[in-house]
Amino acid sequence: MKVFAVLVLAVAAAGCTQAQYESEPVAVQTAKGPVTCQLYGHNQVVWDEAILRPDSMTDDEANQVCVQEGQRRLAAY
1 MKVFAVLVLA
11 VAAAGCTQAQ
21 YESEPVAVQT
31 AKGPVTCQLY
41 GHNQVVWDEA
51 ILRPDSMTDD
61 EANQVCVQEG
71 QRRLAAY
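At position 22 of the sequence shown (counting the first as 1) the number is 22 in the working numbering, and the numbers step up by one without a gap.
Treat the hints loosely; a few may be bogus.
[Unchecked claim] The list that follows gives simulated cross-link-like pairs (lysine to any residue, SDA-like), each with its CA atoms no further than 25 Å apart:
1) K32 to V67
2) K32 to D59
3) K32 to E69
4) K32 to P54
5) K32 to Q64
6) K32 to Q71
7) K32 to M57
8) K32 to W47
9) K32 to D55
10) K32 to Q68
11) K32 to R72
12) K32 to D60
13) K32 to N63
Since the hints were derived computationally from the structure, they do not count as laboratory data.
Hey, can you work out the whole structure from these sequences and the hints?
Listed below in structure tokens is the structure:
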């Protein structure tokens, strides 16, 4: 646990934030409606998340759409 805490502090001290890697928001069309995704870099899909979603979709569903879009873009890259 101490190693993890030290690692987190080291990353924070280095000024590494997710904002550095943000793309412009990306709209992904789904059967339930458009999902607006915030993607993070070409090779980083773990942070990809939905910032807007249809009311008929859960947060988890929308986030999964964004992760899949990030993976699709990574494969095309």
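Margin query: When the structure is checked against the list of hints, which entries are broken? Sort them ascending.
Written below: none
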